[in-house]
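Student: Single-letter residue listing:
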Amino acid sequence: MVTRVSTRSVLSTAVVLLASIPLIYVFIYSGQLSIAQWSNLWSARLPGLLFNTLSLAILVTAGSFVLGVSSAWLISRREFVGRRLATWLMILPLTIPTYVFAHIYTSLTESDGWLGLLWTAIFGADVPNPELYNVFGAAFVLSIASFSYVFLLVSDALTRSRIDIEEAARLHGLVPRQVFWKVSLPMLRPAIAAGLALVVLHVLSDFGAVSMLRYQTFTLSIYLQMSGRFDFHAAAGLSLILVALSLTFLILERFFRDRQRYYSAAHAQRSKRRPATKVEHALIWSWLGLITTFAFALPLAWMLVWSWQAWQQSLITKEFWGYVQNSLVISVAAATLATAAALPVALFHARLRNKISQAYLHLASIGFVLPGPVIALGILSFVLSMLPWIYGSMFVLLLAMLIRFLPLAIQAQEASVQQLSPSIEEAGRSLGATPWENLTRIVIPVLRTGLVSAWVLVFIDTLKELPATLLLRPTGFDTLPVRIWVEASEEMLELAAPSALMLMLGTLPVLWFLMRQHDAVTK
Amino acid sequence: MKRGLITFLSLWILALSSPLAAEELVIYSGRSDKFIKPAIKQFTQKTGIKVVLHTGSSTALLNKLKLEGKRTSADLYISNDAGNLQKGSELNLFVPMEAKKVAVIPANFRAKDNSWVGLSARARVLVVSTRDKSADFVKSVFDLADPRLKGKLAITHSSNESYIAGATVYLRATGSKAVKSWLSGMKSNVGTSVYNKHSKIVKAVASGRKAIGLVNHYYIYRHLAKKPDAAIRIVMPDQGKAGMGVAWNVAGVAIVKYSSKRKAAEQLVAFMISEAGQKQFTEVNREYPTRPGVPAAANVPKRSSYKIADIPMSELGEYRDATLDIIEAVGMP
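Residue numbers (my numbering), protein chains in the order written: chain A, 1 to 523; chain B, 1 to 333.
Note that these hints are calculated values from the structure, not bench results.
Take these hints with a grain of salt, some might be off.
[Claimed, not checked] Only pairs whose alpha carbons sit at most 27 Å apart, straight line, appear in this in silico DSS-like list of lysine-lysine: (1) K177(B) with K226(B); (2) K41(B) with K318(A); (3) K139(B) with K200(B); (4) K34(B) with K133(B); (5) K318(A) with K46(B); (6) K66(B) with K261(B); (7) K139(B) with K318(A); (8) K302(B) with K34(B); (9) K257(B) with K70(B); (10) K37(B) with K261(B); (11) K257(B) with K100(B); (12) K307(B) with K177(B); (13) K318(A) with K100(B); (14) K34(B) with K318(A); (15) K257(B) with K46(B).
Please read all numbers here as calculations on a predicted model, not as lab measurements.
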């Protein structure tokens with residue numbers, strides 16, 4: 001037992017050290033800023049950036065709350081025709097990266113785009129159609145791109161929550177609306193808060209959408225400092241402030257997720273879904289249909305139409321399939337690596353549950369709080385100064401993906417790691433299993449669900465990853481997101497669309513797998 | 001089976017991450033693939049030298065070169081902006097070429113030390129609506145600051161490299177005070193509503209939403225090629241005896257200092273400045289060849305028909321930070 005713990009601690013220490021590389025570089029670079037530079041940064045940039053970033057975060061939070069909570073409540077409290085389909089429709093937006101949403105909606109709202117034409121048809125040519133290059137545009141794009149996180153967490157909590165309390169409230173004379181506001185919603189608070197904190201973290205670190213919409217948040221400003229002015233020090237200084245901001249939300253998220261456990265009841269009566277009336281059917285489907293139209297159907301239609309154009313102009317060449325292959329290679333490798341690396345950290349925390357393991361967990365979450373371009377720069381500096389011989393190979397890119405998505409993998413594994421009680425392992429050992437046998441025959445089978453979700457989540461996010469890939473990909477190694485980026489900045493719609501479509505298709509099978517597992521757990 | 005799958009995947013990954021073949025030239029390119037591939041293809045056909053394009057944003061690639069130092073796999077760097085090329089020279093990332101080899105390109109279109117050479121030029125011009133007459137008084141880019149154009153002017157956001165390059169030319173031709181008040185005037189004309197693409201500016205003027213816009217010349221002809229009847233016309237600003245002339249900017253190429261294939265890289269540069277290469281490189285995007293005597297696309301205004309601002313292209317890099325400072329001080333969106 002003693003040796004097992006120490007292997008774990010050695011391994012998890014190694015993983016955590018690896019994960020902290022970018023943060024160390026942020027400290028080194030920002031440490032070289034003089035007091036005058038700091039105060040200049042503070043007064044000239046900070047107020048505007050803080051205002052921009054926070055107002056975007058607040059709007060996206062509000063948007064995701066409305067979309068996520070309403071859809072989750074309808075789907076887990078009412079039985080209606082097409083409920084399974086509706087669940088799918090609410091998570092499908094996860095297959096579309098934020099920069100693709102941004103790109104699609106900017107071209108749709110142009111005067112000759114579908115929405116632009118519709119606008120002119122309704123309001124006439126005199127009323128200029130709405131522009132997305134502002135906080136509302138960015139909030140719209142990020143809300144439809146990330147409300148699914150809230151949906152998933154809240155519908156999960158609703159399925160597990162105790163229906164008997166709601167029934168008691170109804171027996172005491174509350175009308176359904178009052179039940180929702182006074183009973184259901186307060187019970188859901190932890191799930192909602194966790195979901196929203198997750199959304200905020202995504203907003204803070206988003207690079208693709210804000211850069212396409214030219215909306216200056218911290219992340220975009222950091223990128224511009226680095227690439228336009230070659231000012232790594234100012235970029236690092238801004239990153240440090242961003243890290244502090246994100247950490248606050250990360251800790252909030254953890255706090256609420258821990259609290260959620262007290263609210264769910266494993267043995268209590270599970271929720272029942274009331275059959276929806278005809279009127280309710282119409283209402284439910286018009287609301288969910290509206291959400292789906294914007295969050296999935298329109299983008300899908302756009303991708304299909306332009307991909308068809310590309311196909312007809314035979315623009316889908318051998319090179320295109322090369323990009324598909326590159327994307328798959330890096331995603332499979334990163335998902336496998338991150339899942340494996342997360343395991344010791346998760347196990348270590350599950351066993352010890354002390355301050356050190358907690359600190360490890362937080363350090364491993366750096367991928368969540370540092371923006372992609374900063375992680376990429378940290379890795380680049382590290383590799384060039386410490387491991388120059390691996391520079392230019394895929395390993396550098398893999399390392400960046402590992403660090404970016406390690407927190408995701410750990411989080412996904414945590415729940416199943418908690419089911420692994422020490423006694424099972426001890427039983428295995430006492431029956432003569434070697435540590436390796438113990439790992440492969442007991443630990444891994446028990447953790448299967450967690451490992452699979454971790455793999456799937458990292459796979460999906462690596463498939464969509466843009467900023468680190470842009471900087472760190474080996475020469476000539478273009479992935480689908482990189483191509484979308486390159487073609488979209490030249491407005492080659494026909495060329496960006498097939499890549500976006502392939503990304504979505506690539507995500508579907510793994511998402512299906514994840515959902516099947518999810519169903520098995522919540523049934 | 002599982003183990004077989006894992007072995008297969010690792011081999012697949014290893015095979016794909018193997019280093020590039022030795023005879024391939026690597027170009028870090030900030031120019032759209034579409035506008036560079038035809039010329040590259042012809043080069044490969046002629047010389048048998050293969051080329052790998054590593055495309056990205058010009059500034060990000062310059063950053064990458066700087067960080068990589070001698071570890072870089074790049075042999076050449078191509079950017080659409082002389083400012084970036086000059087910045088690379090100042091950072092000592094490029095190796096100068098022999099003067100006699102690049103002498104066919106006029107001196108003001110290349111670096112003083114020949115560490116980069118301009119390949120194609122774009123003119124910063126005005127696109128004006130033929131229906132809305134309210135912007136017809138504009139004769140100079142500085143007229144764009146006139147309050148009469150409030151709500152009628154279309155410009156890009158201020159981090160666009162052509163925009164910065166144009167402002168740098170005006171800064172060198174007229175001084176920082178004039179540029180500062182010009183920017184402030186334009187800012188009050190556009191508010192926060194700026195465009196992120198030049199092509200959208202042309203569209204906005206063509207559709208009548210705006211009366212006038214500041215763009216690179218080829219965006220106008222790109223639009224006219226699709227819609228020959230569009231209600232737009234080109235205006236060459238700042239002409240006449242007292243005018244400073246139209247601002248030009250060049251796209252160019254440099255050989256990376258740490259390239260191990262300098263010979264092949266020089267061959268590529270030689271091809272790009274040859275008459276055939278110049279034609280191929282500029283034609284697809286209707287730009288002006290930097291080599292005199294090679295004609296530009298037919299419908300584009302002849303270079304001899306208007307006055308060009310007399311500013312060496314290398315100054316676009318040398319004074320870029322000064323321009324950025326003014327842009328930031330004014331707070332241009």
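Student: Determine for every hint whether it applies to the structure shown.
Tutor: We went through each hint and held it up to the structure:
no.: 1; hint: K177(B) with K226(B); verdict: violated (40 Å)
no.: 2; hint: K41(B) with K318(A); verdict: holds (16 Å)
no.: 3; hint: K139(B) with K200(B); verdict: holds (22 Å)
no.: 4; hint: K34(B) with K133(B); verdict: violated (36 Å)
no.: 5; hint: K318(A) with K46(B); verdict: holds (23 Å)
no.: 6; hint: K66(B) with K261(B); verdict: holds (19 Å)
no.: 7; hint: K139(B) with K318(A); verdict: violated (49 Å)
no.: 8; hint: K302(B) with K34(B); verdict: holds (24 Å)
no.: 9; hint: K257(B) with K70(B); verdict: holds (8 Å)
no.: 10; hint: K37(B) with K261(B); verdict: holds (20 Å)
no.: 11; hint: K257(B) with K100(B); verdict: holds (19 Å)
no.: 12; hint: K307(B) with K177(B); verdict: holds (23 Å)
no.: 13; hint: K318(A) with K100(B); verdict: violated (41 Å)
no.: 14; hint: K34(B) with K318(A); verdict: holds (16 Å)
no.: 15; hint: K257(B) with K46(B); verdict: holds (25 Å)
Going through the hint list in order, the structure does not satisfy hints 1, 4, 7 and 13.
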